[in-house]
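Peer 1: Here are the chains, one letter per residue:
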Amino acid sequence: MSENDLSRELPRDAELSALYRAAAEALPPPALDRSILAAAQAAVKPVTPAVRRSRPWWLRFAAPMGVFATLILTVTVVMLVEREQQDLLPRGAQGDDAPAAASAPVQNVEPEQKKEKAAAEPMPQRLQAPAATSAAAPEAAAPAVAGSVAPPPAERRSAAGAAADAAMSRDEAKASAPALAAPAPSAQPAASSGELSSRPAAAPPAPLLERAAPMSKSMERAARGSVNSSADQAQRSPEAWLAEIRRLRTEGREAEAREQLERFRQTYPDFVMPADLR
Amino acid sequence: MLAYQTGDGAAFEVLYGRWRGRLYRYLLHQCGQAAWAEELYQDVWLKVIGAREHYEVAAKFSTWLFRIARNRLIDHWRSAGKATEESLDGFEGEDDELPLDARVELAASGEETPSRLLERKGLAEKLVAAVNALPAVQREAFLLAEEGGMTLEEIAATTGTGRETVKSRLRYALAKLRADLKEWR
Chain A
1089 MSENDLSREL
1099 PRDAELSALY
1109 RAAAEALPPP
1119 ALDRSILAAA
1129 QAAVKPVTPA
1139 VRRSRPWWLR
1149 FAAPMGVFAT
1159 LILTVTVVML
1169 VEREQQDLLP
1179 RGAQGDDAPA
1189 AASAPVQNVE
1199 PEQKKEKAAA
1209 EPMPQRLQAP
1219 AATSAAAPEA
1229 AAPAVAGSVA
1239 PPPAERRSAA
1249 GAAADAAMSR
1259 DEAKASAPAL
1269 AAPAPSAQPA
1279 ASSGELSSRP
1289 AAAPPAPLLE
1299 RAAPMSKSME
1309 RAARGSVNSS
1319 ADQAQRSPEA
1329 WLAEIRRLRT
1339 EGREAEAREQ
1349 LERFRQTYPD
1359 FVMPADLR
Chain B
12 MLAYQTGDGA
22 AFEVLYGRWR
32 GRLYRYLLHQ
42 CGQAAWAEEL
52 YQDVWLKVIG
62 AREHYEVAAK
72 FSTWLFRIAR
82 NRLIDHWRSA
92 GKATEESLDG
102 FEGEDDELPL
112 DARVELAASG
122 EETPSRLLER
132 KGLAEKLVAA
142 VNALPAVQRE
152 AFLLAEEGGM
162 TLEEIAATTG
172 TGRETVKSRL
182 RYALAKLRAD
192 LKEWR
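As they're listed, the protein sequences go chains A and B.
Going by the working numbering, 1099 is the number at position 11 of the first sequence; the sequence numbering is gapless.
Going by the working numbering, 80 is the number at position 69 of the second sequence; the sequence numbering is gapless.
Treat the hints with care, as some may be off.
Unchecked claim - No farther apart than 30 Å at their CA atoms in a straight line, the calculated lysine-lysine pairs in the BS3-like style are these:
#1 B:Lys132 <-> B:Lys58
#2 A:Lys1133 <-> B:Lys58
#3 B:Lys58 <-> B:Lys137
#4 B:Lys58 <-> B:Lys71
#5 A:Lys1133 <-> B:Lys71
As the list claims (entries may be wrong) - Which stretches of chain A does chain B cover? Using the computed rule of at least three CB atoms under 8 Å from a CB of chain B, they are:
#6 1167 to 1173
#7 1324 to 1335
#8 1355 to 1365
Everything labelled a hint here was simulated from the structure, so no lab data went into it.
We treat Cβ as the ideally placed atom computed from N, Cα and C, and that holds for glycine.
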């Protein structure tokens, strides 16, 4: 080894290296070799490359993720069902309240109009006024009803439709009942006074009456019982209610007519009663 | 190591057979006791086995292996309360200060007679003792060069020092070894 080699490259002494190699005989014990080799083999045995490639890391989380996704889905479905039920319950409750809420603006608006027109207008026209306003007034007077739970127009229309259907089924039931076979005269005055267009539920069409004919007795009883229910009374328009009272009087059911009249007055205290019912 | 990384157990055996003696002697000369050397040796190989999944070819395998061994040695010295970097006591200096007169002119073995072989064996044992007596950083540089077969740059990368520092340490180590062996000639 020259001086240049020592200064430029790795300092090395060939003789020293050879002597060191001759002396370097120390080796690890065979037992240690075996244990290390066994550990190396054991490390590669359980997980083969094929298995590792076919099973990405995220697959290890497949089971927990599946459970989590199922849980989220279940909670979401339960929440949706509860929300649907909450939407249905207020709608059912509003079905009872809606007509009253709809009639309330009429009661608020009517007194001024009625005070002005009560003496001059004939009775059928005065009766027509609430019917006309009852359809249009809720939208106009809704802000004036403080704290009321009036549904949006679409819901009110559906509630009004449900009320009309209820009234229609009630009339169908009555028309099918033999004892109640004379509701037609009560409907005729309303038709003659021009209310038919504003009260489609009050006078069911003939096919509906024909379809109602085979109604069972139980349905008739249910329909008749519903006549007296306060919910149905609230759903009826004042004109329909008065027509019902007149019909009861015509049939000679004075007690029921008086009772209905009393309820009508409680429900519509500001309504100007027709002369024949005062 | 890449073959072993993909699950080839036989590749590890080849690798192990190539480096087992060198690594063991490096640890043995560095810590001085066979029991500690065996413990450290096993730890190093277990670290290699455990790190196979994250192994990347950033350097030669020997550099990576001896870096693991060096780190394990430092941990061992720290736990034993021994200073990892011993002072060189004036042995480290400029290249001009190298005591070149201390070089040993080892006679080339022209004729390998039994007496000559015996003499060389005795001399080798004295060399091993002289290596063990080297300051730690010089011994480390010498062992990495002899057992690890590393270049200056690789030793510098393994020890985290500069190339010139490694070169200087090696020169001082060789000078000291020659001086020690001169007495036994």
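Peer 1: Going back to the hint list, which numbers does this structure go against?
Peer 2: Checked against the structure, the hints that fail are numbers 1, 3, 6, 7 and 8, while the rest are satisfied.
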